[in-house]
Amino acid sequence: DGGITQSPKYLFRKEGQNVTLSCEQNLNHDAMYWYRQDPGQGLRLIYYSQIVNDFQKGDIAEGYSVSREKKESFPLTVTSAQKNPTAFYLCASSGRDRGIIVFGQGTRLTVV
Amino acid sequence: GQNIDQPTEMTATEGAIVQINCTYQTSGFNGLFWYQQHAGEAPTFLSYNVLDGLEEKGRFSSFLSRSKGYSYLLLKELQMKDSASYLCALTTSGTYKYIFGTGTRLKVLA
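Protein sequences, first through last, are from chains A and B.
Residues in the first sequence are numbered consecutively from 1, following the working numbering.
Residues in the second sequence are numbered consecutively from 1, following the working numbering.
These aren't lab readings, by the way, just hints derived from the structure by calculation.
All figures in this text were calculated on a predicted structure; none of them were measured in a lab.
C-beta atoms are modelled at their ideal positions from N, C-alpha and C, and glycine is treated no differently.
The reader is advised that the hints may include incorrect statements.
[What the hints assert, rightly or not] Just a sample of chain B residues kept apart from chain A, beta carbon distances all over 12 Å, derived:
(1) M10
(2) G58
(3) G69
(4) G101
[Said to hold, decoys possible] Here are the simulated SDA-like pairs of lysine to any residue, each with C-alpha atoms no more than 20 Å apart in a straight line:
(5) A:K57 <-> B:K107
(6) B:K107 <-> A:Q41
(7) B:K107 <-> A:P39
(8) A:K83 <-> A:G42
(9) A:K57 <-> B:E41
(10) A:K9 <-> B:E41
Please work from the sequences and hints to get the whole structure.
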């Protein structure tokens, strides 16, 4: 079955460390996205990528970095410059027709 | 830019009907989506409107009026498992961005 895999589901890191969240899709979707969700809040767009080797900043890109070397993969690095990194991170993808956006299961990052 | 407004919370009784509204301001509207999100889980797709009118899918229906910048999600025969957040999202022409509202937390009471 096609889908999006995020790993790990739970991640703990010490303050000041960079951490990379994995996202892989086998839906053959062109576009991929990273969203952040804080408790009781909506989804805020961090970065998105429409094609391989290209990506754009979303609304809250500061302190994050991404790469898109393969169509299937869109890893997100949370750097030490991100002031409040503890959150639920959701990866998603969509086809070229900008129809339904499909989400991975999410990664809950806790920085202590 | 884009702006999406939804009520923060709603409460309804099991077996009843509830309507969750979403208003938006945007230029170059492309499509409007509704997603369901249970606590601690990822959003799952419910409904998608591109043209004005009603889209029905079992117990869930979604309505769109592009001229009014307005959509609603209608849930019939409410069940306890419908307690969740409901997210309204839109896409605009010329971009692959999906913009989400803050969501409406629905509590279904027995």
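Verification of the supplied hints:
no.: 1; hint: M10; verdict: holds (15 Å)
no.: 2; hint: G58; verdict: holds (17 Å)
no.: 3; hint: G69; verdict: holds (18 Å)
no.: 4; hint: G101; verdict: violated (6 Å)
no.: 5; hint: A:K57 <-> B:K107; verdict: violated (35 Å)
no.: 6; hint: B:K107 <-> A:Q41; verdict: holds (16 Å)
no.: 7; hint: B:K107 <-> A:P39; verdict: holds (17 Å)
no.: 8; hint: A:K83 <-> A:G42; verdict: holds (19 Å)
no.: 9; hint: A:K57 <-> B:E41; verdict: violated (25 Å)
no.: 10; hint: A:K9 <-> B:E41; verdict: holds (11 Å)
Of the numbered hints listed earlier, those contradicted by the structure are 4, 5 and 9.
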